[in-house]
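Engineer: As a plain string of letters, each chain reads:
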Amino acid sequence: MDLAYLIKEAKAGSSAAQKCIFDQLADRMMIVCCRYVKSREDAEELLLNGFYKFFTALSGFHYQGEGALFAWIKKIMINECLMFLRKKNAFKIVTEEEAADVQLDDEALVKLSADEIFSLILLLPLGYRTVFNLHAIEGMKHAEIAVALGISEGTSKSQLSKARALLQKLLMQKEETYVSRKTK
Amino acid sequence: MSVEKQNDPIDQRDLWRVQLDQLKLVPGQNAIDKDQAWKKLYDRLKEQSHPRKYPIYWIAAACLCCLFFPLGIKILRQEDHAIKKMGSGKHSAAVNASPVFEVQQSPGHASPKNEIIRNLHSDQEPVLHASHKFPAIAIQEKSPAEISAAFSIILARNRVAPRDPLVSGIRKVLPVIPLNESGLLLDPNYSSAHPSYKLKIYNPANLDLPSFADEPQRQPAVKIKLAAQN
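First to last, the sequence lines map onto chains X and R. Here this note's numbering is used: the first residue of the first sequence is 1, the next is one more, and so on. Here this note's numbering is used: the first residue of the second sequence is 1, the next is one more, and so on.
Do not rely on the hints blindly, as some may be mistaken.
Stated by the list, open to error - From the derived model, a few chain X residues whose C-beta atoms are all more than 10 Å from chain R:
1) Y5
2) A17
3) E66
4) W72
5) K75
6) P125
7) A146
8) K174
Said to hold, decoys possible - Here are the computed lysine-lysine pairs in the DSS-like style, where the Cα-Cα straight-line distance is at most 30 Å:
9) R:K34 to X:K38
10) R:K34 to X:K87
11) X:K74 to R:K24
12) X:K141 to X:K75
13) R:K24 to X:K88
14) X:K8 to X:K74
15) R:K34 to X:K11
16) X:K11 to R:K39
Just so you know, these hints were derived from the structure itself, not from any lab. Please read all numbers here as calculations on a predicted model, not as lab measurements. Each residue gets a CB set at the ideal place from its N, CA and C atoms; glycine is no exception.
Construct the entire structure; sequences and hints are all you get.
Structural biologist: Now the structure itself:
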């Protein structure tokens, strides 16, 4: 069903329209939550919190296309995840020395499927993962990340560099296993 | 920003994002039970759309407004009426004898801080400046000599006329200090900037004040307010 129509109906208070929107977006938003929070139960709870905020704030939203809607709801979900992690004191990251910046191998990345990229991100420790998600995927600047997570800009940069280094290592391991399998 | 862009080119970021947006489900996990999740969400939304507490507060606030608004208007009207009464007394004095005057402790005989204000004719309080407000105390009896030594009368301006029979009667007993229309003392020497006490005289006959022939049931001396006690 057309999202614009569903949004209009949902604004008018139609729970059927709200359910349709939920059904259409829930899976994608669940992926977003799972990128930040490893526990499935927590991710589901955050998904519901995010949708609750979305529907309660919907009256002030002007529909300008599917992309804008998706970006808005995604932002709500990310904020929910960050709030959750902050509450859990997950960002007690001690300021570390800035690690040498590592460039990820684009060619290796292209070879990877979406599932593999997702799995790789999940392998990162919480601090690395969060900063990597915010910077490399959501496109936030270090200053913005520092404010969002309550850490210094230097820590954000350091976490990102370390995340990249670890990902590079994981990619190389993956490639090696792929090559060894092929030669066998 | 330029450094950041060099380190993390937009292409790379887009590559990750595009790849991840292709995902339909969380890898290695089952899809969420949407019906059950919706049920939970719907319950929360339903609860939010019927808040229980707030209408009670609004109703209580409305009741308070209904209660106090007429009361406030009534008080304002009473004040207006009293001011008008003082202002128009000049004209009505000869026709209707309803004097409003006050008694003040005489600064000549005692401390100028001391002040008595009395409404002789009615229970209605004279219009007073804010600094004239004071707590009340009662005395059983005072002789005319005591009162005339300690107190003076503050009269509304319209009652200062020497020919006014009531005023001339009181003048014999107590010195007179006029008030202006706003209830302020006309003579700046009689400072009203000090706290005061209210006295009640139970034996007004002692004062030898004139009685009101047209309203014999009303006692002339009713209240005396004392500014401060030595």
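Engineer: Given the hint that K34 (chain R) pairs with K87 (chain X), does the C-alpha gap stay at or below 30 Å?
Structural biologist: With a Cα-Cα distance of about 27 Å, the restraint between K34 (chain R) and K87 (chain X) holds, given a limit of 30 Å.
Engineer: Please confirm whether W72 (chain X) is truly not at the interface, meaning its C-beta sits more than 10 Å away from all C-beta atoms of chain R.
Structural biologist: 16 Å, holds
Engineer: Verify the proposed pairing of K34 (chain R) with K38 (chain X), using a straight-line Cα cut of 30 Å.
Structural biologist: Within the cut-off at roughly 20 Å; holds.
Engineer: K34 (chain R) and K11 (chain X) were given as a pair; does the straight-line alpha-carbon distance stay at or below 30 Å?
Structural biologist: Answer holds: K34 (chain R) to K11 (chain X) is near 21 Å, not above 30 Å.
Engineer: K24 (chain R) and K88 (chain X) were given as a pair; does the straight-line alpha-carbon distance stay at or below 30 Å?
Structural biologist: 29 Å, holds
Engineer: Is P125 (chain X) truly not at the interface, in the sense that its beta carbon sits beyond 10 Å from all beta carbons of chain R?
Structural biologist: 18 Å, holds
Engineer: Minimum C-beta separation from K174 (chain X) to chain R exceeding 10 Å: can you confirm that?
Structural biologist: The claim stands: K174 (chain X) keeps its Cβ more than 10 Å from every Cβ of chain R (closest is about 15 Å).
Engineer: Can we confirm that no CB of chain R comes within 10 Å of the CB of Y5 (chain X)?
Structural biologist: Non-interface label on Y5 (chain X) holds, nearest chain R Cβ at 19 Å vs cutoff 10 Å.
Engineer: Evaluate the condition: distance from the CB of A146 (chain X) to the nearest CB of chain R exceeds 10 Å.
Structural biologist: 13 Å, holds
Engineer: Would the pair K8 (chain X) and K74 (chain X) pass a check requiring their Cα atoms to be no farther apart than 30 Å?
Structural biologist: Roughly 19 Å between the alpha carbons, so the hint for K8 (chain X) and K74 (chain X) holds.
Engineer: Next pair to validate is K141 (chain X) with K75 (chain X); report whether the Cα-Cα distance is within 30 Å.
Structural biologist: The given pair, whose Cα atoms are some 15 Å apart, holds under the 30 Å limit.
Engineer: Keeping to a limit of 30 Å between CA atoms, is the pair of K11 (chain X) and K39 (chain R) held or broken?
Structural biologist: At roughly 19 Å apart (the allowed maximum being 30 Å), K39 (chain R) and K11 (chain X) satisfy the hint.
The structure meets every hint from the earlier list without exception.
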